[in-house]
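Place chains X, R, B, H, W and S with the ligands on chain C using the hints.
Take a look at the letters that make up each chain.
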Amino acid sequence: MTLLLAIVTGSLYAAGIFLILRRNMVKVIFGLILLGHAANLLIFTVGRLTKGIPAFVPEGSDMLTGRFADPLPQALILTAIVIGFGVQAFTIVLFKRTWLTLGTEDLDMMKTTDEPPKE
Amino acid sequence: MRETAGGILVLLGTFFILISAIGIFRMPDLYTRMSATTKASTLGIGLVLAGTVLYWFDIAIAARAISIIVFLFLTAPVAAHIIGRAAYFDGVPLWKHTKIDELAEDLKNRGEDSE
Amino acid sequence: MYSIILATASRYLLLLLQMFSLFLLFRGHNEPGGGFVGGLVAAAAYALYFIANGIAEAEKLLQIDPFYLIAAGLLLAVSSTMPSLAAGMNVMTGIWFDTGTALFGKVGTPLLFDTGVYFLVLGVTLEIIFSLAEGDLQ
Amino acid sequence: MNHLLYNILLAIAWTLLTGEATIPTFTAGLVIGYLLLWISRPALGGGAYFRKIPLVFMFMLFFIKELLIANLKVAFDILTPKDYMEPGIIAFPLDARTDMEITLFANLLTLTPGTLSLDVSRDRKTLYVHALYVTSADAFRKELKEGLEKRLLDVLR
Amino acid sequence: MTIIELSVDTAVAVIGLSILIIFMRLVIGPSIADRVVALDLLSANAIAFIAVYSIKNDSTTFLDVGIIVAILAFLGTVAFAFYLGKGKKQ
Amino acid sequence: MNQILVFPILFPLLSAITMLFFRRSVAIQRIISILSSFLLLAAAGWLLAAVISGGMLTVQVGGWRAPFGITLAADLLSAVMVAASALIGLTTVLYSLATIDRERERFFYYPLLQFLMMGINGAFLTGDVFNLYVWFEVMLISSFVLLVLGGTPVQLEGAIKYVTINLLSSSVFLAAAGILYGMAGTLNMADLARITPHLPQQNLLTVVSVLFMITFGVKAAVFPLFFWLPASYHTPPVAVSAIFAGLLTKVGVYALIRFFTTIFSHEAVFIDEVLLAASALTMLSGVLGAAAQYDFRRLLSFHIISQIGYMIFGLALHSPLAIAGALFYIVHNIIAKTNLFYISGIVERITGTYDLKKAGGVYAGHPVIGMLFLIPALALAGIPPLSGFWAKFVIIKAGFQAGEYAVTGIALLVGLLTLFSMMKIWNEAFLKDLPQPQVEGNRYETMGFGRRLLFFSPVVVLGLVTVLLGVFFEPVFRLAETAAAQLLDTQAYITPVLGRVK
Amino acid sequence: MIGFAVSAAAPFFYRRFPGYFGWIAVSFPLFLFFSFTSFYPRIAAGEVLRETVFWVPSLGINLSFLLDGLSFTFALIITLIGAAVFLYAGTYMKHYGHASRFFVYIGLFMTSMLGLVLSDNIAAMFVFWELTGISSFLLIGFSHHKEQSRKSAMQALLVTGGGGLALLAGLILLYGISGTFEFSGLYPKRHLIVNSPLYPAATVLVMLGAFTKSAQFPFHFWLPNAMEAPTPVSAYLHSATMVKAGIYLLARMNHVLGGTALWQDTLLVVGAVTMVCSALLAFNQTDLKKLLAYSTLSVLGTLTMMIGIGSELAIKAFFIYLIAHSLYKGTLFLVAGTIDHAAGSRDTGVLGGLGRAMPFTMATAMLASFSMMGVIPLVGFIGKETLYASILEMEEWSRYLIAAAVIANGLLVMITLVAGIRPFFGSMRRLPSVPHEAPFAMLAGPACLAVLGLLAGLFPDFFMGAMLDWLASSVLADTLTFRIKLWHGFNEVLFLSFLTLLCGMLFYAARIKLLPCLHGRHITPVLKPSSWYDAALAGMLRVARWQTRILQNGSLRNYITVIVLTAVTLAVSVLAGSFSAFPEIPALDVTFYEVVIVSIILVSILVLITSSSRLKAVIALGVTGFSTGIIFILYSAPDLALTTFAIETLGVILFVLVLYRLPRFTSYSTTASRARDAAIACVFGIFMALMVLYTVSGELDSGLKRYFAGASLPEGKGRNIVNVILVDFRAIDTLGEITVLAVAAIGVFAMLKLTLKGGSR
Ligand code: NA
Ligand code: NA
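Residue numbers (the UniProt record's numbering), protein chains in the order written: chain C, 1 to 119; chain X, 1 to 115; chain R, 1 to 138; chain B, 1 to 157; chain H, 1 to 90; chain W, 1 to 502; chain S, 1 to 761.
Bound conformation, chain C alone (with noise of 0.2 Å):
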């Protein structure tokens, strides 16, 4: 599972670099909230994988002990996950904001902070 969670992340990575590529702005909100994706089950991936013991102490144990999932990956996922969230609200309000002023999609066509001054 390993290697085909390792294909996933790649493949995460590289259509969210795709979309984000796009002239498209709404193609690009999709690329970066993928990218986000890639990047959580990249972590979780690289934290080695556990299949089917969480890290829950049990009832009327103090400890767990033995083989169990490594929780701490999954909690820097978690504020991952939530903070990309926030962030990717932001962004989906900001490029429809800029779609509503500027009237257009299209990032080829938002070039005015970056003209060369007139000669």
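Hints listed in this document are in silico derivations from the structure and should not be mistaken for laboratory results.
If you're wondering where the values come from, they're calculated on a predicted model, not measured in any experiment.
Be aware that a few hints might be false.
[To be verified] Derived coverage of chain H by chain X (criterion: at least 3 residues anywhere in the stretch with Cβ under 8 Å from a Cβ of chain X; other residues may be distant):
| no. | stretch |
| --- | --- |
| 1 | 17-29 |
| 2 | 32-45 |
| 3 | 49-58 |
| 4 | 61-67 |
| 5 | 74-86 |
[Unchecked claim] Ranges between beta-carbon positions, derived for each pair:
| no. | chain 1 | residue 1 | chain 2 | residue 2 | range |
| --- | --- | --- | --- | --- | --- |
| 6 | H | Asp9 | S | Glu699 | 28 to 38 Å |
| 7 | W | Phe22 | X | Gly91 | 48 to 58 Å |
| 8 | S | Val48 | W | Tyr405 | 29 to 39 Å |
| 9 | H | Thr2 | X | Glu102 | 29 to 39 Å |
| 10 | S | Lys189 | W | Phe472 | 26 to 36 Å |
| 11 | S | Phe54 | W | Gly63 | 13 to 23 Å |
Note that CB positions come from ideal geometry on N, CA and C, so glycine has one too.
Here is chains X, R, B, H, W and S with the ligands on its own, set in the frame of chain C:
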């Protein structure tokens, strides 16, 4: 014994789930798909969960499983209704063999009335 | 897009979801759940209500400016760091009360922290949804 | 509805007394509580509760039967290559009046395979139903009127 | 292999198959509503899968996730319907 | 005592929360802003004093022992950065009071500034790789919002690029942090510093460090990762541009320094070569970009990039002198660059434009402003005895010491071109007569005395600091040397955090 | 020694009492002048005075001062001319406006100049060096509303600033070789320095600094342009003092760097070329000040050349020439200013017959002019005599140099005739204003200087005789005695002097003929490197615009492409260099449902990329997210799954609320660009996948995992370890996380509710 009963319930549930899956794939239009499938899967999940309850036979598990069942039975029809309605007003076409559409007729009449 | 069926159902589901969200919050320390998911489910309840009944109804239901929820959530979370500072311990050191309850597990500052997260998430989500929905009306 | 509350409280008390938080204990508590309440009718009053509980049970049984039959019918149609369907959208005049009645009825109808509540008219007098097997619109209306709606309203009113 | 193990393994496989079938409908469409229905059904399958998986792994922790999935799937469906409804009105 | 380490994070947060509660009253928000900024400055000063006198400070947050919980750690570098940013925070608040319009004030401008400060300080103080990511995000989202606050078309356009590229870099950061954990099993910087030299997959570690270099390089605006900066920094209100210019990229530089002296210290060769090449190109392309500009703020924005190059150059040389130079360069640049942006705002108020071709006549009417401009401008160009001279001097000396003649030569040339740009501004905006008299009423003349005081005090204060840093360079340089020595001695970072480790 | 302290404090003093009147202002340089002369006995006794104020000792940079013959001479020149100029400017600057600013600048300049010549520490000297450059910049651009003025100031700054940077580099290299920044510390290490491999580089860099500052060919062009400055500035900075800073440095460094062929020959050649070329360039000038500027250039070249000759006689000639030039050129510039002031023009073609109206000015001008022409008995004559003598003494090149010197000096004579004498004779023409005699304050300064020139010529022994020995000793290692006299008798040298005068007359006469031909015609660009400067500047700007257009082209896609490619290239260059083997592929132990999930994700991604409908894309995205959640369930992360599901659903709601207002999902890019992007994306994706595989192929021994498992319940009071990490072990992460959420909510709110009208501010 109890576990076996649970297993059988689970199997029965998955059967209905499969039916609904095939149904949604095979049926000709959106409405027939919905008619055919949403409930089958609801029933199927209900059965699977009942099997789970039997397997664990613990109040905490039962509480969870039952709340899922209750919640599903509460929400599934609402969801089906709301999608069907939205789809209808959005103009999703009916199957060509659909016999009658009294809603369309009424809408037409109402439209004439109000104008 | 008002449907009487959805509207009626949403009213009953609202309570159910809110209760479930509290449930998730309180037992999150021992079982899956916690302030974040709890807050999201609570927000989901309002979101459902908003979709079924419209934005005005939903805001009436909430009664409070979501920004105050956000501020309160942050304040709760931060204030959970204060007792340890005041006590001269490392900042954010958890302080626990001996009494425990069946539902909550132990009571202590980390739970306060999680409650802060709950309110904040609720406030943030609602703020975003309401702003977007109000934006539609304009 | 007070009686239902009593009943549940009694069941909980039973569970606590036995000290065994399991499903059978709780179910037993419910049954015992119901019997106790029934016995104490003169003291507590409230005949409606005892009239309705069997009705509810009856309705549930009816509904589950309908559910199973319809499911099997649809399953058969799905699994066999030939389609027997004659779908249509029927306007059904509602007797149900309150929000709760309408909602419950529409939802139960949707839950039954082969039918789907599509819309409630603005005057809340008509429910539009999409059905898979419509031999005749009037027959369909009649069946529904006397079957599901009647039984449901009996329980609710 | 006990009956329960057999039935659980079968169930997992059958649910997996159903998911694949439904996913095909999701990809095909044709209307958005069709896809939403498929999505709804997929999440229902996920719940069933979670339930079976909890038996398979002898672990109850996952059932809670099932409740959340049920709630959220409903909410998601309603949201999509809301979207479709809006599209019509405006 | 150690707990003062938390104040630079908690003060801004608490004041932001309070302001959220008073969201309807701008007046109260202003007062809270000022108070909390002063408090923050005091706390930062205290922290700096404590670190200077008592060495590195650490706090194990939550009382959890070092690699398990999150450690906040302030060595000299961190403390200095916090102090500098607190100063910039304060001046920016003052400047904002004079310049930010009512509408933005009503829409949470002040809390956002505080959130930004919280993120920046957090980034400087944390001793945990993932926690750094979190602070970066706090900082980023605050900067996103500040950047678009107002929603004018240019702001939105700039923000799209800024946001997209920064999110891409965040994703890379996350991946790199994840892989680092997947390899080393820890996230604590000190623990990593201890473990990384002994990891079996050293090559993989180098790749990870490349990923970190990319992500921090984007934040620091290093060649060729800087594009988002000139695209966006000139679009928001000038107070926002100023604090961005002063602090945001420096956080990236800080992270680069932290990572490549502490965590990846042992495998410097490849990285240093890359950094060296990047620094040369950064210096050059930044300054050339500036030479092509005629917009006051865009010109300054390109200069940010160019100067980042110097700092990276210092890091790449990796000698005690070079690092000390880089550190001093950062502080100098934070102060001078922010100041220049403030002044661009003043010039805009007077002439009604940021376009240098349309501006003019400031010197004739306001010679004092001219002098106030010359201080940071000449400092930036490295004219003695201002702070920038020393910054350049030390780095160049280190460059020659290391035998990197080519890059050092570029650094010198870039200094000349910087002088050219600064003098272009001077000639165009200050000396030249105003080409066309302003049509609408002069927004500068109508300012009240109090506002003008707020308007100028940041410029005066920062100008004074620039001069003082130059004139009393010796103690400052000693401090930088000590900080550099601390940075290069990995054990000096590990021991206070982890305690004695065998 | 107190003099130093006063000079350091002076500018601050000045700002407080803006000296509007030259009489007050003049007291400052005069005071300094006399305090310096008070050191005369000690200097004359061969003493070298030192004083150190610690500044940045850890870098070896201190304000250490050194007063020996060389710096003493310069200090006297600076303060003396300064006094004259201050006095003059007090009146002259009245019609300029902002006179107070002028005095601040020029006071700053004088202080810096003094600091420059007095510094023992070369880094500190550099500080003053740059300060003189800046004050010069401010003074040239003093009439800032004139574009020419601004341009010239910028040119001067860039040329001298660029040289300054070279100098800095050279100084640091010297430090690298010797380990000291003190001149006095460098002297003993001469051997070490000259033999170092870095010696040529350091020497060339130092020379570059000196040449630019002293306007040596080919950097001479900025000086004539600097004549845009007010006349007192031209007199003071651009003839008497600042431009001599480079010469000073060369003289100072002669000890350290001199004696090699590189040093001597370069100076000789550059000096000689400057001397001749700039004199030639004066030919078609008609502006009084520009004429004088070209003559200054020529003299600066001569001075450089003399250091290049390097003999004792040459050094002495150097000093005499230096003093003489400072005296007469200062005077002439001030007179030019007076003429401009009085007559309203500086055009030599227009000026004439002013002698009647301005007799005192004429007298002053005559004295200075004769000194410049080298007429007996003025000090200029002695200077020229000594110069010729020193050239004749040389073994090689003497003949060519003599010819060059005679021609150059002849041209100087011509310039003098045109600029210093002609305006006072002949017939008066129509002038912009009626000429009148200058006020006393404007006359006193130049007159004093001119008279001083005469006295120095008449009594050379008294004024300079004793000095010259120890002056030379401050530049050279050993000394011989040499008596200077006004009159050496009729010899070769005297003949040359007459020849020079004769040449000058001839040139003057020829000039009248030549002028019409030359007028309007450009002397070859080779002789006018200012066109090189312009070309370099324009070229730099072109390159700047080009690279900005290429790099900062506004296209987000290009930005991202560059970033991604950079990342991949760097990473691959690491990988390619060191990883020989493909990562160990983990065993493929998958179940059916895992394959189902993974294939669903992959198909969804494909649908997402290729989708032409927004909502379809949203759904595909949702499926991807949900499937990720399922993976989290499979691999023991229920909390993650919960959160993922919740977030995905909220994401859907968000999209739904936003989307129907969003634009269509149309595709703009061409197939080619899509293919290119796909390739980039795939490379990056493969890279990341490989990273995952590489990482998991190693062992992970996480002590943290075990610690959390043990501490979660007893210390964290929770069984859900993930949650305990979130709210306790790493609570500060979560604090930051919820802050992000809060700010995001603010952002969304503000973006939707706040829209300012109009452009950005
Ligand atoms: Na995400
Ligand atoms: Na949580």
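Results for each hint:
| no. | hint | in the structure |
| --- | --- | --- |
| 1 | 17-29 | holds (count 7) |
| 2 | 32-45 | holds (count 10) |
| 3 | 49-58 | holds (count 4) |
| 4 | 61-67 | holds (count 4) |
| 5 | 74-86 | holds (count 8) |
| 6 | H:Asp9 to S:Glu699: 28 to 38 Å | holds, 33 Å |
| 7 | W:Phe22 to X:Gly91: 48 to 58 Å | holds, 50 Å |
| 8 | S:Val48 to W:Tyr405: 29 to 39 Å | holds, 35 Å |
| 9 | H:Thr2 to X:Glu102: 29 to 39 Å | violated, 54 Å |
| 10 | S:Lys189 to W:Phe472: 26 to 36 Å | holds, 30 Å |
| 11 | S:Phe54 to W:Gly63: 13 to 23 Å | violated, 47 Å |
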